[in-house]
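Line by line, the protein sequences are chains A and B.
Here the first sequence is numbered in our numbering, starting from 1 and rising by one per residue.
Here the second sequence is numbered in our numbering, starting from 1 and rising by one per residue.
Keep in mind that the hints were calculated from the coordinates and are not lab data.
Glycine residues also receive a C-beta, built at the ideal position from the N, C-alpha and C atoms.
Honestly, I wouldn't trust all of these hints.
[Said to hold, decoys possible] Just some of the chain A residues that point at chain B, by a computed CB distance under 10 angstroms:
#, residue
1, T58
2, A97
3, T118
4, A123
[Stated by the list, open to error] From the derived model, a few chain A residues whose C-beta atoms are all more than 10 angstroms from chain B:
#, residue
5, N20
6, P23
7, H30
8, R34
9, I44
10, G54
11, E57
12, L59
13, G66
14, R84
15, V91
16, N99
17, S116
18, L128
19, D135
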Amino acid sequence: MTEHAESRFNIQLGNALTWNVQPILHEIRHALRRLLDSDQSSIIDLRSIPLAPGEEETLLDTLGSGEVHARLNALGPSEIYETRFAGVWLVTHYNAANNVIGRFIEITRLPDILQSQTEDMAAALEQLQRELENDPG
Amino acid sequence: MTKDLSRQDRTLGEALRGQGISRRSFLKFCAATASMMALPPAMIPTIAQALEKAKKPSVIWLSFQECTGCTESLTRAQAATIENLIFDAISLDYHHTLQAASGHAAEAAREAAMKEHDGQYLLVVDGSIPLGNPGYSTIAGISNVDMLTDTAKGAAAIISVGSCAAFGGIANAKPDPTGAVAVSAIIKDKPIINVPGCPPIPGVLTGVLTHFLTFGAIPELDHLGRPVAFFGQSIHDRCYRRPFYDRGLFAETFDDEGARQGWCLFKLGCKGPSTYNACATMKWNGGVSFPIEAGHPCIGCSEPHFWDGGGFYKALSMPTGNVSENAVYAAAGAAVGAVAVSALNRAKKKKATEAHEEVTVDDLTK
Numbered sequence: 001m002t003e004h005a006e007s008r009f010n011i012q013l014g015n016a017l018t019w020n021v022q023p024i025l026h027e028i029r030h031a032l033r034r035l036l037d038s039d040q041s042s043i044i045d046l047r048s049i050p051l052a053p054g055e056e057e058t059l060l061d062t063l064g065s066g067e068v069h070a071r072l073n074a075l076g077p078s079e080i081y082e083t084r085f086a087g088v089w090l091v092t093h094y095n096a097a098n099n100v101i102g103r104f105i106e107i108t109r110l111p112d113i114l115q116s117q118t119e120d121m122a123a124a125l126e127q128l129q130r131e132l133e134n135d136p137g
Numbered sequence: 001m002t003k004d005l006s007r008q009d010r011t012l013g014e015a016l017r018g019q020g021i022s023r024r025s026f027l028k029f030c031a032a033t034a035s036m037m038a039l040p041p042a043m044i045p046t047i048a049q050a051l052e053k054a055k056k057p058s059v060i061w062l063s064f065q066e067c068t069g070c071t072e073s074l075t076r077a078q079a080a081t082i083e084n085l086i087f088d089a090i091s092l093d094y095h096h097t098l099q100a101a102s103g104h105a106a107e108a109a110r111e112a113a114m115k116e117h118d119g120q121y122l123l124v125v126d127g128s129i130p131l132g133n134p135g136y137s138t139i140a141g142i143s144n145v146d147m148l149t150d151t152a153k154g155a156a157a158i159i160s161v162g163s164c165a166a167f168g169g170i171a172n173a174k175p176d177p178t179g180a181v182a183v184s185a186i187i188k189d190k191p192i193i194n195v196p197g198c199p200p201i202p203g204v205l206t207g208v209l210t211h212f213l214t215f216g217a218i219p220e221l222d223h224l225g226r227p228v229a230f231f232g233q234s235i236h237d238r239c240y241r242r243p244f245y246d247r248g249l250f251a252e253t254f255d256d257e258g259a260r261q262g263w264c265l266f267k268l269g270c271k272g273p274s275t276y277n278a279c280a281t282m283k284w285n286g287g288v289s290f291p292i293e294a295g296h297p298c299i300g301c302s303e304p305h306f307w308d309g310g311g312f313y314k315a316l317s318m319p320t321g322n323v324s325e326n327a328v329y330a331a332a333g334a335a336v337g338a339v340a341v342s343a344l345n346r347a348k349k350k351k352a353t354e355a356h357e358e359v360t361v362d363d364l365t366k
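So that you can see chain A by itself, here it is in the shape it has in the complex (with noise of 0.2 angstroms):
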């Protein structure tokens, strides 16, 4: 664990934190039962949520990371992969800056976002055969 400057003054420790990280694994479990059942999706939006610092990165280090790992390029990149349970996935949003400005935990056969979208799709086979007319060879 890295050492902070507030760890001389006992600032992590007792009350200052959230005890949120069960509750979420929780909810994470009961959305992953949904799926199961009724193929039914969830996404849980980890912003929303309090965590005090060193909380999220024992959430993420408990989910991990298994057998998927995407990286888009959209307006700045984005990190999604799938945890080391099936059908749990982290979805991480950064900006130009490489800020976070979003971050979910969905749980999904597959995130919407990484799938190819109808406007991008037929775009692209408009740009194709117009590729293919301007250059018969």
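With chain A's structure known, arrange chain B on it following the hints.
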């Protein structure tokens, strides 16, 4: 499937795609915005659908007695970033700093936009309005108060950006030479959203615009007309230095050991406890930092009359105004009396000089 998209007919989604923003980027924007506005993530598809279909709203931006700091904070003439994407999605039909037109052409553009989108355009105002003498601030010969009342008539809603438009701001500070007032002091019959701050955080205006476009309604406002989503909590309640406050660990000067350790800045004049804004959570410059994190006390810039709040470097617990003139304190000989305070400051100054420290609180307060 190519659609001939003339500027007026385009929806917001089509306009963004026309600028090369992929739908995936758009979804990322919706997710980040939902998170920022504290909306449940289940609403992200709803936001995406609503914004996709929204007509590009016409926005008329009137600048009155302002320093242009709000425009500087909120808009950038560079490629779309996730935070300012919404500004590429609006039709900014009039803006002194950003528009290409000038003179009569500019005013004609404003009047044309007002007529074409009557009842539907968003009016954004920065800067205060002088009522002492309308001649103090005019645009194309039209006084601010006349231009405001005229342009507000056909607006769907008004957003007062910055503390000047929201509360009167620096022009309104003592001795208020121009009789400067807020937008809400003049316009009484339109919904007004106050987005104060000197300047406001860019993401706050983005959030307000997105809310308006998604729901077609103004967000929930507090008693000062500010969106509760961003101004509902005090800086103090979200400050990362709060544990130091709770344990009575304060920086006494700007470069003592406490300051170096990042202790609470209450004694150096931090107005965090009485200031409501999103600085401690959203932060500035894309979430890099905010004044307290940089070592400077909060000056309370999103509150009314913060310029006259008793001094940026006087602790909230100190009496405002000139203590030596306050007979009650001198007579009572209380611990916070003029004599005690100045004696304390003199002692600190002597110690600081001996320790070769640069600046003390006493040097900064007059």
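Here is what the structure says about each hint:
1. T58: Violated: closest Cβ of chain B sits about 18 angstroms from T58 (chain A), beyond 10 angstroms.
2. A97: 4 angstroms, holds
3. T118: For T118 (chain A), the interface hint holds, since the closest Cβ of chain B sits about 8 angstroms away, which is under 10 angstroms.
4. A123: Hint on A123 (chain A): holds, closest Cβ of chain B at ~7 angstroms, below 10 angstroms.
5. N20: Non-interface label on N20 (chain A) holds, nearest chain B Cβ at 16 angstroms vs cutoff 10 angstroms.
6. P23: Check passes; 17 angstroms lies beyond 10 angstroms.
7. H30: 15 angstroms, holds
8. R34: Its Cβ never comes within 10 angstroms of chain B, the nearest being 13 angstroms, so this holds.
9. I44: The claim is violated: I44 (chain A) sits with its nearest Cβ about 7 angstroms from chain B, within 10 angstroms.
10. G54: Given that every Cβ of chain B is farther than 10 angstroms from that of G54 (chain A), nearest at about 12 angstroms, it holds.
11. E57: Holds: least Cβ distance 15 angstroms, greater than 10 angstroms.
12. L59: 17 angstroms, holds
13. G66: 21 angstroms, holds
14. R84: 22 angstroms, holds
15. V91: About 8 angstroms separates V91 (chain A) from the closest Cβ of chain B, which leaves it inside 10 angstroms; violated.
16. N99: Since the minimum Cβ distance to chain B is about 4 angstroms, N99 (chain A) lies within 10 angstroms and the statement is violated.
17. S116: 8 angstroms, violated
18. L128: Non-interface label on L128 (chain A) holds, nearest chain B Cβ at 13 angstroms vs cutoff 10 angstroms.
19. D135: At about 20 angstroms from chain B, D135 (chain A) clears the 10 angstroms cut-off, so the statement holds.
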